[in-house]
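J.: Okay, here's what each chain looks like letter by letter:
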Amino acid sequence: TSNASNDESSASAPALAGTDNDKPGQKVVIGFSAPAADHGWIAAIAKNAEAAAKLYPDVEFKAVEPTNDINQQIAAVESLIDAKVGALVILPNDGQQLNQVARKASDAGIPVVNLDRVFPDKLSYRTWIGGDNYGMGVAAGHYIGAKLKEKGVAKPVILEIQGIATLPLTQDRSKGFADALKTYGFTVTAQQDAQFTVQSGTDVATNLLQAHKKIDALWNHDDDQGVGVLAAIKEANRTEFFMVGGAGSANAMREIKSGSSVLEATVTYSPSMASSAVKLARLIAQGKGMSDLVEQGVPQSITLASETITKDNVDTYLPLGFES
Amino acid sequence: MPDIKDPLLVMSGIVKQFPGVRALDGVDLEVLPGEVHCLLGQNGAGKSTLIKTLAGAHQPDAGVIRLGGREVRLTGPVAAIRLGISTIYQELDLVDGLSVADNIFLGHEKARFGFTRTAEAHRAASGLLTRLGHGEIPPATEVGALPPAGKQVVSMARALSHDARLIVMDEPSAALAHDEVDNLFRTVRELTAQGVAVVYISHRLEEIREIGDRVTVLKDGRTVAVGLPADTPTREIVSLMTGRDVEHVFPARRDPGSHEGRAEVLRVEGLTVPGVFEDISFAVREGEIVGLAGLVGSGRSEILEAVYGARKASGKVLVDGKPVRGVSSAVRLGLGLAPEERKAQALLLEESVARNITLGGLARYARLGWLDRGSELADAGRQIDELGIRPADPGRPIRTLSGGNQQKAVLARWLVDRRRLLLLDEPTRGVDVGARADLYAVIRRLADEGIGVLLVSSEIPEVLGLADRVLVIRDGRNVHESDARELDEHRVLDLIMEGSAL
Amino acid sequence: MNDTRTPPVGKLPAPVRTLRDRGGLRHLGLVGALVLLCLVGLVTRPDTFATSSNLVTLLALASTIGVITVGMTFVIIGGGIDLSVGSVMALASVWATTVATQSYGPWVMALCALLVGTATGAVSGLLISYGKMVPFIATLAMMAAASGLAQRLSDRRTQLVAPENDAIVALSTTRVLGLPILVYIFAAVVAAGWVLLNRTTFGRRTYAVGGNAEAARLAGIDVRKHTVLLYALSGLCCGIAALVIMARTTAGSSTHGYLYELDAIAAVIIGGTLLTGGRGTIIGSILGLLVFTVITNLFILNGLDTSDQLIAKGLIIVAAVLLQQRTANTS
Amino acid sequence: MNDTRTPPVGKLPAPVRTLRDRGGLRHLGLVGALVLLCLVGLVTRPDTFATSSNLVTLLALASTIGVITVGMTFVIIGGGIDLSVGSVMALASVWATTVATQSYGPWVMALCALLVGTATGAVSGLLISYGKMVPFIATLAMMAAASGLAQRLSDRRTQLVAPENDAIVALSTTRVLGLPILVYIFAAVVAAGWVLLNRTTFGRRTYAVGGNAEAARLAGIDVRKHTVLLYALSGLCCGIAALVIMARTTAGSSTHGYLYELDAIAAVIIGGTLLTGGRGTIIGSILGLLVFTVITNLFILNGLDTSDQLIAKGLIIVAAVLLQQRTANTS
Ligand SMILES: Nc1ncnc2c1ncn2[C@@H]1O[C@H](COP(=O)(O)OP(=O)(O)OP(=O)(O)O)[C@@H](O)[C@H]1O
Ligand SMILES: Nc1ncnc2c1ncn2[C@@H]1O[C@H](COP(=O)(O)OP(=O)(O)OP(=O)(O)O)[C@@H](O)[C@H]1O
Ligand SMILES: [Mg+2]
Ligand SMILES: [Mg+2]
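Residue numbers (the working numbering), protein chains in the order written: chain H, 1 to 324; chain G, 1 to 502; chain P, 1 to 331; chain Y, 1 to 331.
Each hint should be verified, as a subset may be incorrect.
To be verified - No more than 25 Å apart at the CA atoms, straight line, and that leaves these computed lysine-lysine pairs for PhoX-like:
{"no.": "1", "chain 1": "G", "residue 1": "K343", "chain 2": "P", "residue 2": "K132"}
{"no.": "2", "chain 1": "H", "residue 1": "K288", "chain 2": "H", "residue 2": "K27"}
{"no.": "3", "chain 1": "H", "residue 1": "K84", "chain 2": "H", "residue 2": "K54"}
{"no.": "4", "chain 1": "H", "residue 1": "K122", "chain 2": "H", "residue 2": "K104"}
{"no.": "5", "chain 1": "H", "residue 1": "K288", "chain 2": "H", "residue 2": "K311"}
{"no.": "6", "chain 1": "P", "residue 1": "K132", "chain 2": "G", "residue 2": "K5"}
{"no.": "7", "chain 1": "H", "residue 1": "K214", "chain 2": "H", "residue 2": "K151"}
{"no.": "8", "chain 1": "H", "residue 1": "K213", "chain 2": "H", "residue 2": "K151"}
{"no.": "9", "chain 1": "Y", "residue 1": "K225", "chain 2": "G", "residue 2": "K110"}
{"no.": "10", "chain 1": "P", "residue 1": "K225", "chain 2": "G", "residue 2": "K312"}
{"no.": "11", "chain 1": "H", "residue 1": "K257", "chain 2": "H", "residue 2": "K288"}
{"no.": "12", "chain 1": "H", "residue 1": "K234", "chain 2": "H", "residue 2": "K311"}
{"no.": "13", "chain 1": "H", "residue 1": "K213", "chain 2": "H", "residue 2": "K147"}
{"no.": "14", "chain 1": "H", "residue 1": "K288", "chain 2": "H", "residue 2": "K122"}
{"no.": "15", "chain 1": "G", "residue 1": "K312", "chain 2": "P", "residue 2": "K132"}
{"no.": "16", "chain 1": "P", "residue 1": "K225", "chain 2": "G", "residue 2": "K322"}
It should be emphasised that the hints constitute simulated quantities derived from the structure, not laboratory data.
From just these sequences and the hints, can you work out the full model?
T.: Below, the structure is given as structure tokens:
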């Protein structure tokens, strides 16, 4: 709950690497552009990025107005280029559509760290770091598939509540989910999209539960909207199925830990990547490498694995859980 | 002799049914070229409906219309205009947001390849306005900023802008002051001299006598008299219209000076709205009717609005010694204003007649804000009978009432509960002779019951006939004040026009 | 006066259709549309649609926007519009679920939600009546400011209702005669709204102010004060809606009520209220809302995917309105 | 009566405010607000705000909604409203970037965008004029249908403009006299709109239809035909906007123009156009739009946090409008 949350509120906050890399180097202005922080995960992204920047006296952090309008984000990045920042961290609304402007930045000699949603053109960014949406779907699919197999359910009713349907990442997640289920000979019975918001979660779930009197498993793409989904399930007091979440919010982890609800597991898609992205941007701008690696420079691409959190391993993840 | 010529327009057996009302029930009308044909009838008789069918604005349910001998179908306003019928509607049909010139040429703009030619339009517009004696109205003025009279002039100019064979005027003089009517008549004579026929609707019978050639009388949607000579005795025409005899129009006054020493209901001192009127001071006693005479634009409406607290003004306004602060307090102190422009300032067009009537005194029907709809409806019903609002259906949307009946409803609003002082701005605008007499009687009765009345009217006979005391306003100044009986029409005309004359 | 007075015009002074039964007709259309939709539901999903639990679902879903719609109806009849309802609801829900507020227990939380809503509403009202701002712009500004404030307060987090304040959540979980309490709240608000609009001077003045503000002013109505009250009322409804949404989602969040303004306005307009003010009914608005709710419910029961839902929604709205016109004209 | 007296008619309200100078005043207010904002920009960000490149960014950003705003101005002056602009733009952009369309080259793509826009607009117009639907509802339905269709067509994928059709993208990348071509398109649309509104019978009639439809009808104007044309025009603008957005984002997508309707309407209203129709100016709308754009730009440059931005936005809008009133009254 939010009361509990406050003492852990800094749970997912980044820490210093504890290496020479932390020593102040030349001043760097890091520009940051992301979609509108209108829901938990993106909000956490923004917060983590800012927090990471604060760790370093040699970093000036310049976040531009987050927006869900491609046109606006392009303008935002353009104005950052005008402002001649030392490095850019961009989480594009849509990698394909912002590719052009990212390329413009790279061409202008500004190293771009591409966060999460990837630019199609490798020349558009110096380093990509992000989660694995397809993998996330796969993880959820495997958990549900295996669970139902051992239960020996013949033709299981598997529901899926997506996030914003028009986002490419949503389609990747669903594809991964479907592919994984296929290996068990299962398919998704019904699929509805919500808006990543608590309330849309409730409304969609409420209707969906009506449509299906008996459910075996439910995957909800996003733990933030999951709060709403769980509320709907409680309201309908349905318990005959189990639910898997997505992203790995602290709320979700606490639910899993308490075991009081149908939420059994969640597959991570951690916003901690934003902290790393800012750190990388700094290193790149200062020409440093990652001290644990032998290479002099920062790698070109870093993909975070999507892990599955269950009652058994939840305690190890709780510190990383973001307060959505 | 007119009757040798064959008629320009023949309407026969016109029927128009509105939900719940048969507005026209087989009307005949015959108009000769070059004549002024007057259309008379009580409020709600069907005059406006008839001319709307003639303008193509309404489609008749039955009947034939022949123009110049040929039968015509007036499928819409365009058709009528094409056939050379242009119309001045009773309810001003102007676009407030557009300039005077744009309004005049709306629908037939001065343009080439769709591009408007403003200069030309303005030239033509001021031409027409000058012809109507109002060259001073700038064609670029926004119509919404004109007072009613100005709007009336503009819609006349529009009617003239088409070169029409037949011009229909629905109560054009209602919004005009006495002197402007002369002006209008001059124009009408010019038109008829060129062989244009004019259908003229008015409730002022003296006008009919002055300008009309022949008269058709409607009653309850039927023709009761066709093509009477205009010099038919008034009594006869009135009894045709109303089906009864209207004797002395103005009720008897109390004996002179009876108001001396009675308590002052209203005292106004040094009332001023810069640019509109200045330093107006007067008082209204219980039971007294005070008339404001003046030209259109002299500022009488503004004086009323200022007294009512509806307009910021410097100076003192005291009702029973208590100052008026804004409209709400004015109403609480017992004032009631029947404003000049009923559509814009008084009516809730979508609402029922009853709700329009009771709007002023809602508080009376409420206990802790809870409405007692029974007594509300009862009161409304009583007023509808009192003033003879037709049709007598409290539930009917007021927009479906005829102009005159709407006007009666506006007055009824302040009669439901006893006011201390009534402010009446052009109270009989568009009200028929019979009803007018009734209204005068009602107003006088209220006065005799001790209510004060402040009356603005552009009809000098009305002011002289009804008021006890008359104030003459010229250019926003009070230039004369005296007992009504010491004045006659010519004296008043001299007073209000002095200086502005020539 | 004398009995020689002329009789009413025309032959048939017969039953005239007054505003009231015209309203009835208008509703007839919507009811028809609603019935048709329900038939579709019965045909496509005989098993689930008509079940009591699904009806409960429908009502529960409708209740949040429903409450807001009542307030919106007043504002629009009064000649205005309120774009801020969604974010005001969000702000109220957030404010009511801050750690500080929650520490005072459920009653204070509820009170807080109502106060925040009413206050913000009143502010919009003041901007419009005394600041002479266009309602659209004033409430647009409020919309931005309120959701900004909501995000600040909540630090963009979902603030769960603490277990000790479960009384709030109980509004949705505990049932009386098979219906969750919040449905009764919804019903109560609608009833109160109807009475206020049709049986009190306040309602009558609302029509007057919206129908012809100048006339209302000259009739002695304090138009500006009334305007403030109208928006305060709308705000109050947002506060109540905030309670309902908190109960349903067990949380307060700055993302609550996103784009509710559109849905609410749409419901009001399709219910026959004129955007220009002066005319409209609560019943119409609620029927309009139910139409929208049932549509969505049908779609999900039949597992349509979003894009098809949108297309179908567009078509159904058109169909419903045209049907509505027919009934209104033919009668 | 005495014809001896030659009519020395009473002076009607002599010099009353004419249309033009009132417009001037209204704009004065907006210009003032704009200037103030720019000053803020110069003070807070002397280094970046006034740079040419930033101004280009501003204009480029403004151009998409700008084009739509022009169409919206016509519709609103004509007494209507168009909620579908955003999704119609999306639909046009998607349709123009399907593999099929792209195979015909850039010209056909452009043509396709314009046609799709105009056609959808005309449909809304028909529903409103002949179907007698309330503009709000009709265009709301169109909004849903269009974006649904856009999602179907694109299968919710981003459709990049193929390299061989780079001519489209060139509209944003190639510059003439330092300005991207799309800025000139924007300017052209504004100019055309201004002429159409102020110098043609179409413009006059738009004011008439919006100001007093009945009067327009009685004056012989075919109100229904005119209405259809108005919405078709708005649709055409959406088509052009689709081109611009395709150029800027190098792609067509069903997510384009999300909630643009709100921004466009807001710009028009703050520009002094009455939501009730009959009054308004293109210049005002564009100024209104620029105010919004500059506000956002300032935020970006100063890197405010979202929640603060929203709050500030609300306050600035209020301030701007109140300022506007002052200037309008005092003069
Ligand atoms: N749109 C309408 N719907 C229903 N009834 C109408 C409508 N217009 C007019 N009527 C009715 O038709 C009858 C005739 O109205 P009309 O306006 O022609 O009277 P009028 O002779 O012009 O009266 P006035 O002298 O007051 O203008 C009235 O009873 C009126 O209530
Ligand atoms: N809408 C307006 N805008 C600007 N000035 C106006 C307006 N209406 C009236 N005025 C000014 O106020 C003065 C009074 O106008 P108004 O026509 O009301 O006087 P009046 O004596 O009441 O005439 P009427 O007999 O038509 O009522 C005019 O001189 C005019 O200059
Ligand atoms: Mg009439
Ligand atoms: Mg006057």
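J.: If a hint holds in the structure, say so; if it doesn't, say that too.
T.: Status of each hint after checking the structure:
| no. | hint | result |
| --- | --- | --- |
| 1 | G:K343 x P:K132 | holds, 23 Å |
| 2 | H:K288 x H:K27 | holds, 13 Å |
| 3 | H:K84 x H:K54 | holds, 20 Å |
| 4 | H:K122 x H:K104 | holds, 13 Å |
| 5 | H:K288 x H:K311 | violated, 40 Å |
| 6 | P:K132 x G:K5 | violated, 62 Å |
| 7 | H:K214 x H:K151 | holds, 16 Å |
| 8 | H:K213 x H:K151 | holds, 19 Å |
| 9 | Y:K225 x G:K110 | holds, 21 Å |
| 10 | P:K225 x G:K312 | holds, 18 Å |
| 11 | H:K257 x H:K288 | violated, 40 Å |
| 12 | H:K234 x H:K311 | holds, 20 Å |
| 13 | H:K213 x H:K147 | holds, 20 Å |
| 14 | H:K288 x H:K122 | holds, 21 Å |
| 15 | G:K312 x P:K132 | holds, 17 Å |
| 16 | P:K225 x G:K322 | holds, 23 Å |
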